[in-house]
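Visitor: Input sequences plus hints: build the corresponding full structure.
2 protein chains.
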Amino acid sequence: MSTDPAAAKPAFPAAADTDPHALGWMQGAPPPAERLVCKDDNSHFAFPRTRWSFANMRQLLPTTGIWRGEGPPGALPTATHIERLHSEIDDLAFTPLNAAPGTRMTWAESLHANYTDAICVLHRGRRVYERYLGVMKPHQLHMSMSVTKSYTGLLAQWLVHEGVLDQTRRVPHYLPELGAGSGGAWAEASVRDVMDMRIGVAYSEDYADPAAHIWEHARAGGLFPRPPGYDGATSFYRYLVKLRQEGPHGAGFHYKTVNTDVLGWIIRRVTGQAFGEHLSERLWQPLACEQDAAMLVDAEGTEFAGGGLNPCLRDMARFGEALRCGGALAGRQVVPEAVVHDIRHHGSTEAFKTGGPPTLPGGAYRNMWWLTNNEHGAYAARGVHGQAIYIDPAAEMVIARFGSHPLAANVHFDPTSLPAFHALARHLRGG
Amino acid sequence: MSTDPAAAKPAFPAAADTDPHALGWMQGAPPPAERLVCKDDNSHFAFPRTRWSFANMRQLLPTTGIWRGEGPPGALPTATHIERLHSEIDDLAFTPLNAAPGTRMTWAESLHANYTDAICVLHRGRRVYERYLGVMKPHQLHMSMSVTKSYTGLLAQWLVHEGVLDQTRRVPHYLPELGAGSGGAWAEASVRDVMDMRIGVAYSEDYADPAAHIWEHARAGGLFPRPPGYDGATSFYRYLVKLRQEGPHGAGFHYKTVNTDVLGWIIRRVTGQAFGEHLSERLWQPLACEQDAAMLVDAEGTEFAGGGLNPCLRDMARFGEALRCGGALAGRQVVPEAVVHDIRHHGSTEAFKTGGPPTLPGGAYRNMWWLTNNEHGAYAARGVHGQAIYIDPAAEMVIARFGSHPLAANVHFDPTSLPAFHALARHLRGG
Chain F
10 MSTDPAAAKP AFPAAADTDP HALGWMQGAP PPAERLVCKD DNSHFAFPRT RWSFANMRQL
70 LPTTGIWRGE GPPGALPTAT HIERLHSEID DLAFTPLNAA PGTRMTWAES LHANYTDAIC
130 VLHRGRRVYE RYLGVMKPHQ LHMSMSVTKS YTGLLAQWLV HEGVLDQTRR VPHYLPELGA
190 GSGGAWAEAS VRDVMDMRIG VAYSEDYADP AAHIWEHARA GGLFPRPPGY DGATSFYRYL
250 VKLRQEGPHG AGFHYKTVNT DVLGWIIRRV TGQAFGEHLS ERLWQPLACE QDAAMLVDAE
310 GTEFAGGGLN PCLRDMARFG EALRCGGALA GRQVVPEAVV HDIRHHGSTE AFKTGGPPTL
370 PGGAYRNMWW LTNNEHGAYA ARGVHGQAIY IDPAAEMVIA RFGSHPLAAN VHFDPTSLPA
430 FHALARHLRG G
Chain D
10 MSTDPAAAKP AFPAAADTDP HALGWMQGAP PPAERLVCKD DNSHFAFPRT RWSFANMRQL
70 LPTTGIWRGE GPPGALPTAT HIERLHSEID DLAFTPLNAA PGTRMTWAES LHANYTDAIC
130 VLHRGRRVYE RYLGVMKPHQ LHMSMSVTKS YTGLLAQWLV HEGVLDQTRR VPHYLPELGA
190 GSGGAWAEAS VRDVMDMRIG VAYSEDYADP AAHIWEHARA GGLFPRPPGY DGATSFYRYL
250 VKLRQEGPHG AGFHYKTVNT DVLGWIIRRV TGQAFGEHLS ERLWQPLACE QDAAMLVDAE
310 GTEFAGGGLN PCLRDMARFG EALRCGGALA GRQVVPEAVV HDIRHHGSTE AFKTGGPPTL
370 PGGAYRNMWW LTNNEHGAYA ARGVHGQAIY IDPAAEMVIA RFGSHPLAAN VHFDPTSLPA
430 FHALARHLRG G
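So the protein lines, in turn, are chains F and D.
Sequential numbering from 10 applies to the first sequence in our numbering.
Sequential numbering from 10 applies to the second sequence in our numbering.
Don't take each hint at face value.
Where chains are identical, the list cannot tell them apart; a pair therefore holds if satisfied intra-copy or between any two copies.
Claimed, not checked - Using 20 Å as the maximum straight-line C-alpha spacing, the simulated SDA-like pairs for lysine to any residue come out as follows:
{"hint": "1", "residue 1": "K146", "residue 2": "E79"}
{"hint": "2", "residue 1": "K48", "residue 2": "G241"}
{"hint": "3", "residue 1": "K48", "residue 2": "Y239"}
{"hint": "4", "residue 1": "K48", "residue 2": "A242"}
{"hint": "5", "residue 1": "K48", "residue 2": "D26"}
{"hint": "6", "residue 1": "K146", "residue 2": "E290"}
{"hint": "7", "residue 1": "K146", "residue 2": "R291"}
{"hint": "8", "residue 1": "K251", "residue 2": "E214"}
{"hint": "9", "residue 1": "K146", "residue 2": "D100"}
{"hint": "10", "residue 1": "K362", "residue 2": "G238"}
{"hint": "11", "residue 1": "K362", "residue 2": "M114"}
{"hint": "12", "residue 1": "K362", "residue 2": "E214"}
{"hint": "13", "residue 1": "K48", "residue 2": "P236"}
{"hint": "14", "residue 1": "K48", "residue 2": "A227"}
The hints are simulated quantities; they were obtained by calculation from the structure and are not laboratory data.
Note that the coordinates shown come from a computational prediction; the quantities given were computed from them, not determined experimentally.
Guide: As structure tokens, then:
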């Protein structure tokens, strides 16, 4: 991951010029060849086709359904005067990170700068701002990318809280497949180190490098086509057992998606449930989500716990709102308060120094959540290309966002996102 | 399709011995190799793995969602004394077709004989019988196979009724791709002939023949793996344009799935909507279905109108109930009554003689629905391996059924299904 956002910013066509409706992806019966988006040629992950594919990934890849259960969706009330609020918020100005002195950008401009597909802002549990752009609609699912990790990490911490999972155990206690005999990367790692990504593993996640391990990982899971004669791993688990340790565990923070897949595997083992079934029982049903979610699965039926969840926007907002309220939503305690407390208060700023992005100075990472440690105590779930749940306890604000920024890493759009979110928080707090 | 059920009935393990829970398909983290079900080796269509895969097809293939809309699901009330009714119905005896004189089978026995996965019976709109076997649950989706065709045919007749679609036009009027210049099978065919499958096309649908065209069709749509060096069609539409006429149009009935895919293409062209979107707007939302359905799509995003719909059982029952009530459900007219009337009364028994199965003597086929022309005027949507919506107007009864019979064609399980359905109808009518 580049540490200098400006250096790695090639010229991409603007958001307005890559509207997926206007570009006509997958329109027509059949769509003309130049409007096709498919897995076979990797075009499902090629900008600007991603502006369509991220909202339609289940049409391209196998998925399992995360069932919302029966009964009506939980209320997510709209603020009165939302039109006035929209206009107020659109005009809100902020200074992007690293911008020349005096540079100002409005909230409305930031939506385009960030290639936003959909965004919803809750203040005190009410929708004060909600926009669907491109091909998005309220009920439309969208890739949440690594926002998935924060769901996985929270579920793991919940099992720790219940005593079902012992965070001090080494990984092979639960997954003998990753034991010492295997020489595997996690043979000597504790569950806690996995949960906080303080793992030394020979695995690179530089999205700008086509030779990075993340692509092998994705090919193993079937997310990308495999070249003829492919002899690599054919599932997420088969890939995990091949990885080797590099550097110490329990030291610095190093963001590597494979850790979340190990954690998903542990959850599956200790609960005896498919990950998607557990996610439905623990969160989708109790939160009274309004849509079933879809989750990418590999050829062994293993859900991609590191990045495969496709929820609708409001259901991400619901989850954020429950966390903001100490685990409760609409007066019902869904997630134990201690789990939320652990996420918010036990991250290590020291460990974060080694691998945290420059856009989150003084931050931390806990149970696969990102802590800004800013003056409002904001924390977030963050996914590549712009997916986010941003929770600002001081401002009683939650933001859920989907995006399809041409560049993957958050460092590229943090400068036009984090100060926007904070400016809005200050505005709402003062209002 | 074999015309002698007995001749084509090899010994398969019984339903009780192929329970997908007991056999452990896809159980474990990861499942052991011998418990895997996947597309790559065709095992997703190999009995007895089908007893799992038909209920989990979206985990194996790309799908689009058929949105149920907002709001609570429509009521599908349970009859009082359902326990007593269950026991009464289970004990009901009938004589299978072609059975030796004096042979009797109970309804309960027929569930196993037919490898039933789930079945629901409505009488006067109330659930009088409902069973979920194997891995099925009320919210679980299941392949409906060619029951899909009856949804497609009804949507087409609805468009005819509205004057949007002219049934007297030749297919190329709507689909120039299938025009005379192409030499295609449908160049001289009318829309009406497509809707009633009175088309002469060189295409075989013998499920027992591995060289039948139906498998090429399925490979084109991506439902089955393609061999190395595959140079066949890569989508449903690309396959359709390759087919050639054989024999006259407008004469005998010949059941060929490709006709439904042509009809789906026409619907897409005249509505300007994706098929799944149209299905959601016309039926899934107005019927207040309780689950989103999933529908298989090919690499061009084309829904498999000939067999790709995966609904939950009760939503199939809802659709049948609406038809039984002349297109209305819960007092709301969803489908125009004239459309239902056309299905029920305009089938040609003469045309049916050429290609109807021996288990439906005197039957007919209209708008992709099967008319039994029995004493109750029953009609049905029928899919391979046991999928069915059976509507008995005289008995005010609707049956929805999912199955995973080892043999594909209905002729193999009609003998233990049709007389069971009719016996239950007579029982309910008398009660």
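Visitor: Each of the hints needs a verdict: does it hold here or not?
Guide: Outcome of the hint check:
Proximity of K146 to E79 under the C-alpha cut-off of 20 Å is restricted to the inter-copy arrangement: shortest distance 13 Å between copies versus 22 Å within a copy. Within a single copy, K48 and G241 get their C-alpha atoms as close as 18 Å, and across copies as close as 18 Å, so both meet the 20 Å cut-off. For the homomeric pair K48 and Y239, the shortest alpha-carbon distances inside one copy (16 Å) and between copies (17 Å) are both at most 20 Å. Taking the shortest Cα distances, K48 and A242 sit within 20 Å of each other both inside one copy (18 Å) and across copies (17 Å).
Within a single copy, K48 and D26 get their C-alpha atoms no closer than 23 Å, and across copies no closer than 38 Å, so neither meets the 20 Å cut-off. When the C-alpha separation of K146 and E290 is checked against a cutoff of 20 Å, the pair qualifies only between copies, where the shortest distance is 15 Å, while the shortest distance within a copy is 26 Å. With identical chains, the CA atoms of K146 and R291 are at most 20 Å apart between copies only, with a shortest distance of 19 Å across copies and 26 Å within one. In the homo-oligomer, the alpha carbons of K251 and E214 lie at most 20 Å apart inside one protomer (16 Å), although the nearest pairing across protomers, at 45 Å, exceeds that limit.
Proximity of K146 to D100 under the C-alpha cut-off of 20 Å is found in neither arrangement, the shortest distances being 23 Å within a copy and 50 Å between copies. Within a single copy, K362 and G238 get their C-alpha atoms no closer than 41 Å, and across copies no closer than 51 Å, so neither meets the 20 Å cut-off. In the homo-oligomer, the alpha carbons of K362 and M114 never lie at most 20 Å apart, since the shortest distance is 29 Å inside one protomer and 74 Å across protomers. Proximity of K362 and E214 under a CA criterion of 20 Å is satisfied intra-copy only: 17 Å inside one chain copy versus 64 Å between copies.
Taking the closest pair of Cα atoms, K48 and P236 come within 20 Å of each other both inside a single copy (12 Å) and across two copies (18 Å). Proximity of K48 and A227 under a CA criterion of 20 Å is satisfied in both settings, with 12 Å inside one chain copy and 18 Å between copies.
The structure fails to meet hints 5, 9, 10, 11 from the earlier list, while all remaining hints are met.
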